[in-house]
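K.L.:
Listed below, chain by chain, are the residues.
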Amino acid sequence: MSRVLMRGNEAIAEAAIRSGLKCYFCYPITPQGEMVEYMARELPKRGGVFLQAESEVAAINMVYGAAAAGVRTMTSSSSPGISLKQEGISYIAMARLPCVIVNMMRGGPGLGNIAPAQGDYFQATKGGGHGDYRLIVLAPSTVPEAAELVRLAFDLSDKYRVPAMLLADGMIGQMMEPVELPEPVDPDRIPPRPWAVTGARGRPKNVVSSFDLEPEGLREMNLVLQETYREIERNEVRWEEVETGDAELLLVAYGTVGRIAKTVVRLAREEGLPVGLFRPITLWPFPYEPLRMLAEKVGTVLTVELSAGQMWEDVRLAVEGRAETPFYGELGGVVPSPKRILEEVRKYVG
Amino acid sequence: MSVEVAVPKGYTRVFSKPRALSDAGFTYCPGCHHGIITRLVAEAIDELGILERTVGIAPVGCAVFLDRFFNCDFVQAAHGRACAVATGIKRARPDLVVFTYQGDGDLAAIGTAETVHAANRGENITVIFVNNGIYGMTGGEMAPTTLPGQRTTTTPAGREPRLHGYPLKISEMLAQLDGPAYITRQAVFDHPHIVKAKRAILKAFRNQLDGKGFSLVEILSTCPTNWRMSPAEAGRWVAEEVTEVFPLGDLKDVG
Amino acid sequence: MPKGLVIVDKERCKGCGLCIEACPFGVLDFSSEYNASGYRVVHMAHPEKCTGCAVCANVCPDVALEIYREESSVRGAA
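Just so you know, the protein sequences line up as chains A, B and C, in that order.
Take the first sequence: its letter number 115 is residue 115 in my numbering, and every next letter is one higher.
In my numbering, each number is its position in the second sequence, counted from 1, plus 1000.
In my numbering, each number is its position in the third sequence, counted from 1, plus 2000.
Be a bit skeptical, because a hint or two may be false.
List time: in silico DSSO-like cross-link candidates among lysine-lysine, alpha-carbon distance up to 27 Å [to be verified]:
hint: 1; chain 1: A; residue 1: LYS297; chain 2: A; residue 2: LYS347
hint: 2; chain 1: A; residue 1: LYS347; chain 2: A; residue 2: LYS262
hint: 3; chain 1: B; residue 1: LYS1009; chain 2: C; residue 2: LYS2003
hint: 4; chain 1: A; residue 1: LYS45; chain 2: B; residue 2: LYS1212
hint: 5; chain 1: B; residue 1: LYS1009; chain 2: C; residue 2: LYS2049
hint: 6; chain 1: A; residue 1: LYS159; chain 2: A; residue 2: LYS205
hint: 7; chain 1: B; residue 1: LYS1009; chain 2: C; residue 2: LYS2010
hint: 8; chain 1: C; residue 1: LYS2049; chain 2: C; residue 2: LYS2003
hint: 9; chain 1: A; residue 1: LYS262; chain 2: A; residue 2: LYS339
hint: 10; chain 1: C; residue 1: LYS2003; chain 2: B; residue 2: LYS1196
hint: 11; chain 1: B; residue 1: LYS1196; chain 2: B; residue 2: LYS1169
hint: 12; chain 1: B; residue 1: LYS1196; chain 2: B; residue 2: LYS1212
hint: 13; chain 1: A; residue 1: LYS339; chain 2: A; residue 2: LYS297
hint: 14; chain 1: C; residue 1: LYS2010; chain 2: C; residue 2: LYS2049
hint: 15; chain 1: B; residue 1: LYS1169; chain 2: B; residue 2: LYS1212
Hints listed in this document are in silico derivations from the structure and should not be mistaken for laboratory results.
Using the sequences and the accompanying hints, generate a full structural model.
P.N.:
Shown next, in the form of structure tokens:
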């Protein structure tokens, strides 16, 4: 492990290259520009392909092609660009291709602004494009965690043949922190891809497709997806708990807000308030079970988000009336200070 | 399923289904030129001996079943995105021979940007562009290439350029770019033109093998079903009417 | 012995008639037979006129025709 001071966007790019990234396709957008620029500089030097596409639509379809050809591939963007990629992501999901998509979320809807926001939670965790599909969604709250989760995103995506999304925001993308970068991956560790289109030499032809005109056939394809999703839900739920042992109020927050909420927990504890934090790391699969078990023990589960309450829906599905489930959200790129969140906390405890 | 026919005594087989094609029957309508074009591509793959390193990109539209017809690896692409998908494959594995097979709606309407930019990058791929002036699969709607006055289900009184625009000459547009190596327009309405079209397809594949870059063969095709013509009438219409708007011949050839 | 022979894959033939129109010698015509898909398939109505030129096969959109040529007439051909 090498420890360096890096900007989030660059740490993600470097971690991706060290994870065996072969082809990266992109279209410029703020606030993830440093990732694009880092890739343009570094990836070709290290045997990879960097290509700036004519659009997000083209970029994700290039990812589809490279993934079909059996290499580790990735694209990155921010909210409006991710909306454009949804068509391609749906095809990738049904064709069961592994790839990594990074969304450095910004304020929306529409053009919005470039400030940190979490308004793409529904889009990321509920499908986003057309059809019944899911992405593995990983939400880092620090730069080092972002680097770590990039590696995990590639590994899980390969393991399950499900596209993985790293969901962060401009705050994480642009801040600098000391990072322990992962060691370069051993190419032999990257799972083989017998389904890839590599030329039908000495084997029957491979077809990568999301299409079956026959309802029974398409149902089969869907059932395979659903079975895979159930397996991921069983095996890959990840979350972090802070001071939950004796908590009477549980904050639920992810990403940038999860990080701020850690400070809130410390400040609350200093005041003697029994506050804990539950921070989902996988937004899909959402940690319903562990949250449900904690909800049994606390009186209040307070969700804090940079959205109008998108994750809050999942929190309420997890809690199912076992505790009060108030909500505090900010919109438009406004990021609440720890003190502001603490004010919310005080409404329910102490 | 076709049955292997024993060669009759005293005769030699001089024409049969190319190796690159599977036994699956084509799903095109009777008399549709798609079938001829599909076979010409297969013949080119056979003649160049590249079946085991070729990847085709199937479009959305009447050729959506293309992967069933061929014996090589295939990827099914979203409507219009074939050139982007082909780019991804070719960049990931430059040793593969990558071709797209796209209709006019796919390549010249919804996929205009992907087509233009793949061409402009000189992406080393082969594009087979089937222009029949209509959306066949969806029920005969107006395409960017529909002729002025031509009746379609979305231009029931005929295409009126002031309202619906003019036929989009995308091959002429692409030929203006510095990126492409070879842009040509061919037709398959009779034997001599089929022979020429085949030569063009072979060249478009050979260019890729030689690393020359983006090669596109536009082929004027028919849609007897949606044109409401017999197959023979449809062929004559291409020869007499369509070629007036879309003249045949090479538009760019870097040699 | 005719110089050429056209063998029709009756299940691939869709009865579009393009081969009938293209044949320079009037060899082909619709037969009275229908295939499993309901298409009236073509046959050699005048086999004696066939030269094995393969024009019919080249215009066939369904790769339904195989062409054979009498061996003495093939010699020297590519």
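K.L.:
Against each hint, give a clear statement of whether it holds in the structure.
P.N.:
To see whether the hints hold, each was checked on the structure:
no.: 1; hint: A:LYS297 <-> A:LYS347; verdict: holds, 19 Å
no.: 2; hint: A:LYS347 <-> A:LYS262; verdict: holds, 18 Å
no.: 3; hint: B:LYS1009 <-> C:LYS2003; verdict: holds, 12 Å
no.: 4; hint: A:LYS45 <-> B:LYS1212; verdict: holds, 24 Å
no.: 5; hint: B:LYS1009 <-> C:LYS2049; verdict: holds, 19 Å
no.: 6; hint: A:LYS159 <-> A:LYS205; verdict: holds, 22 Å
no.: 7; hint: B:LYS1009 <-> C:LYS2010; verdict: holds, 21 Å
no.: 8; hint: C:LYS2049 <-> C:LYS2003; verdict: holds, 8 Å
no.: 9; hint: A:LYS262 <-> A:LYS339; verdict: holds, 12 Å
no.: 10; hint: C:LYS2003 <-> B:LYS1196; verdict: holds, 26 Å
no.: 11; hint: B:LYS1196 <-> B:LYS1169; verdict: holds, 21 Å
no.: 12; hint: B:LYS1196 <-> B:LYS1212; verdict: holds, 21 Å
no.: 13; hint: A:LYS339 <-> A:LYS297; verdict: holds, 25 Å
no.: 14; hint: C:LYS2010 <-> C:LYS2049; verdict: holds, 21 Å
no.: 15; hint: B:LYS1169 <-> B:LYS1212; verdict: holds, 23 Å
The structure fails none of the hints (numbered hints given earlier).
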